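Protein chains: 2
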Amino acid sequence: MSDMIFETHPSEYKHWKLEITPPLARLSMDVQLSGEDDDADYQRKLNSYDIHVDIELADAVNRLRFEHPDVKVVIVGSNRDRIFCAGANIFMLAGSSHPFKVNFCKYTNETRLGIEDASAFSGQKYIAAVSGTASGGGYELALACDEILLIDDRSSAVSFPEVPLLAVLPGTGGLTRVVDKRKVRRDLADVFSTTAEGVKGRRAVDWGLVDAVYPKSRFDAAVEERAQALAAAGDDKAGEGVALGPLEPTIDESGIAYRHVTMQVDADTRTAEITISAPEDAGPDNPAAIREAGADWWALRMFRELDDALLRLRFNHPDAGLVLLKTRGSAENVLAHDAALAAHHESDWFVSEVLHHAKRVLKRLDLTARTFYALADEESCFAGSLLEVALAADRTYMLDSPDDPVALQLGALSAGLLPMSNGLSRLETRFLDDPESVAAVLETSGPIDPQEAEELGLVTFAPDDLDWEDEVRLAIEERVCMSPDALTGMEASLRFAGPETLETKIFGRLSAWQNWIFQRPNAVGEHGALSLYGKPERAQFDWRRT
Amino acid sequence: MSDMIFETHPSEYKHWKLEITPPLARLSMDVQLSGEDDDADYQRKLNSYDIHVDIELADAVNRLRFEHPDVKVVIVGSNRDRIFCAGANIFMLAGSSHPFKVNFCKYTNETRLGIEDASAFSGQKYIAAVSGTASGGGYELALACDEILLIDDRSSAVSFPEVPLLAVLPGTGGLTRVVDKRKVRRDLADVFSTTAEGVKGRRAVDWGLVDAVYPKSRFDAAVEERAQALAAAGDDKAGEGVALGPLEPTIDESGIAYRHVTMQVDADTRTAEITISAPEDAGPDNPAAIREAGADWWALRMFRELDDALLRLRFNHPDAGLVLLKTRGSAENVLAHDAALAAHHESDWFVSEVLHHAKRVLKRLDLTARTFYALADEESCFAGSLLEVALAADRTYMLDSPDDPVALQLGALSAGLLPMSNGLSRLETRFLDDPESVAAVLETSGPIDPQEAEELGLVTFAPDDLDWEDEVRLAIEERVCMSPDALTGMEASLRFAGPETLETKIFGRLSAWQNWIFQRPNAVGEHGALSLYGKPERAQFDWRRT
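Protein chains in written order, with my numbering: chain A, 338 to 883; chain B, 338 to 883.
Honestly, the hints are just simulated from the structure, not real lab data.
If you're wondering where the values come from, they're calculated on a predicted model, not measured in any experiment.
Watch out, some of these pointers could steer you wrong.
It does not matter which identical chain is used: a pair holds within one copy or between any two.
20 Å max Cα-Cα, derived SDA-like pairs, lysine to any residue [claimed, not checked]:
{"hint": "1", "residue 1": "K351", "residue 2": "D714"}
{"hint": "2", "residue 1": "K663", "residue 2": "R539"}
{"hint": "3", "residue 1": "K520", "residue 2": "F798"}
{"hint": "4", "residue 1": "K553", "residue 2": "E590"}
{"hint": "5", "residue 1": "K520", "residue 2": "P772"}
{"hint": "6", "residue 1": "K520", "residue 2": "A777"}
{"hint": "7", "residue 1": "K872", "residue 2": "D633"}
Chain A on its own, in the form it takes in the complex (with noise of 0.2 Å):
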């Protein structure tokens, strides 16, 4: 498969047609059979997505709440008849390799996960206007909305047909949205997943599955009507929408370079490194300058950058276990950003908007299954928004060189927010239910040298000069060495300690679960049910259960 590019912008859409109507937006999806320009070997029937689709899906549901801020409200719909979405291309699923397979369910389930992010942070609320059947990833999606809104025509349903048809799981947050978001009751759930035709109708809202059925007659206006209820009650948002550029990044054999984010990949070592430059100045301080500068803010641009590295380190790097994490330029100039990010973000739109933006790609790069080791080095400038890519590595190792001091520094963000998918911020995921540790912490004002960093529990080691390049090298290469599957299930499990929340529900149990009945035989072997859709043939079971 040639490399995956994660960027996109509506003019070049394919599956999705994106019309804004301030205060409306309708997000209609018209996923193209197949185009010219794309790999793929598999017919898109039915809203059917891939990975390409949900890309657009992703840029658009991110691009709204950057380049629109007159939308309040956003209608998720289709442009085909009689089908909202029939969730996930099955005969992609089927022909994929397992990690492309997690990898692509991870990032559907980042992307709906942004919707609901919306919704929350950005007053941009989401309906799904059902108008035909809504199966499997098709209703996973409509759950990410705010309220479900589904055509009564006597035939529309919402459906998750993945158990009883494919021997797999409705693994995009489905199961989890139902009975803890919707909370519907766990033996209606449980039919309702079990029957592949789905619930339709009155039946649908009494069960909670939907929150209103229309005739077809009056759907459109109903969900119109809704829709401007909505965003009525929504608030307005001061200024002109700000532009999301392309990142245009340099890309030779070595690796990928933007302009505050450089990775490079080493297959023979299966490492990577990715580098994070800090911002060349201080910045604007007041929302005037800051919306001047725009998307070319380097608390915007940076984490752009750094979101999509991620997400071609996940897709095209699949061998790179190992990621090094390292910061270069002055810890100044990124507390100053930080300190107006914390300054402005409740008073205006655009900087809470690039306050949570930072927040997804930190959660994003919690989220990557590969082992971070963050390398606080000479020259490294590990403070406020960057400590947290240390504080969200598997560990971290701090020069201790009195020739050149190194030192990590607290910032204004360090509080609580850019908090993790469990809700706490990385500070208190690390000393959990240790709020003097946590206190100590922030009580510290100032570079934190490295003695102090590992007496305040901030770093794994920290190495004098003498045994620094060896110490490394060596947890470098025991780490490769070792499964990349215990690996990743290890790091899953250490890494959100703590309260558990919708999202970390999905992601470390949901997920988990999917991850293994994507092994089992019964799904993907030669007579498994993932295996044999779409042909005459009957799925041969193992039937023990486990």
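Fit chain B to the known structure of chain A by using the hints.
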């Protein structure tokens, strides 16, 4: 493999020594290499455990609560030199089927949670006296104890060699307990869990992996001292212990019959039927009479039988994917027993033990990876603690027939005395975040007829006598044709809505990851690390990360 038996008695233990010296008890592991009456084709070296070893442990933990109320502290140790416990037997794991692996881990997890339950609700504290290396499942056993005391002899360590040596996880709660129970910092947990030789001495204390270390010369005295101090802080319990006699079921080809519980398995249809009989009278209503009844008290006896049946179902009948749950007899008599439990559990330790035992058995039901349909048919009595059985089921069918009136009924335990693993009552989980619906159910008094049961949301369907047979038959036929794996993942996701606890994290998150890894070629393939353990070849890994 011949049918497994889960009942045992200290007089029959092969692998543990149980010494009772009130207020202390010593439970010392001394795993026999092989025995004449077991079918193991592997050597149990280094105090490594298999299911037979764990069955004895589970028996001891449970029996201590009922038979030895004067024991306040249990010291878990080893009778072997230089080894505490090496964890699960690797050769046993490598040679066993996937369903067995998964069920083995579930059982050992339940046993360790049983230790924590004894500490929390019986006031029997557990000290792990680690006078030799505790590796893998050995350290996980120690983690289930209240305190871990480690000998400081320059060689004894605690360790998780699973990831670096075996390409699997410390899946018996280990990863979760390290970060969530002991709150070891995640980066230190990462180093610990990837360092095969483990951590010893002062560093083990500093990292929070153990509570204290003592030199060899002082170790035994220090353990004794700490145990006596804990015992001195414990409350006294009045009266003698209650001996748990053997259940002595009748077993024939059609199934197993206990005094109050029967289980039939139909291999052709891959279904099982468990029928629970209500007590024949109201039973004793005061502590003295209850103590007189002892292990014959229905509330204890019936749940012990149900527990035994569930374990036999899991291990001996892997193909029976659907279980029909039935009840027979007098609802009033069940409710009278519930009332006695509710009235005296706070003042009488034995009644409290019976209540907590019922709670654990119902949790075992929740966690059993089979579909459960409760059938409230004529002559059924889903009332009180038996209503919990229906609420634990994936669906409940209730016959709505004027000729054979069927009723459900709440009881004195329904409001929260039998919580699930998520900490909520089954009603609170069923009506998540909907206290009004919970209250509406709890406010009912007396029998609830099918129509009311449906309105209250207590049953899934209430077919009339014309439809009953067909509807139930169809629901059974559909279910048994679906993929066992997909159903397991689905049920695990739908059953535990709401908050997460250490228990649900272990069973839902950690176990799911472990199950996944137990399928991965990197662990169990021809060249996988688990398959090659103990052999000269090195494991070969597929390096792709997921």
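Taking the hints in turn, this is what the structure says about them:
no., hint, verdict
1, K351 with D714, "neither (45 Å within a copy, 56 Å between copies)"
2, K663 with R539, "neither (56 Å within a copy, 32 Å between copies)"
3, K520 with F798, "between (45 Å within a copy, 18 Å between copies)"
4, K553 with E590, "neither (55 Å within a copy, 58 Å between copies)"
5, K520 with P772, "between (33 Å within a copy, 12 Å between copies)"
6, K520 with A777, "between (40 Å within a copy, 17 Å between copies)"
7, K872 with D633, "neither (51 Å within a copy, 57 Å between copies)"
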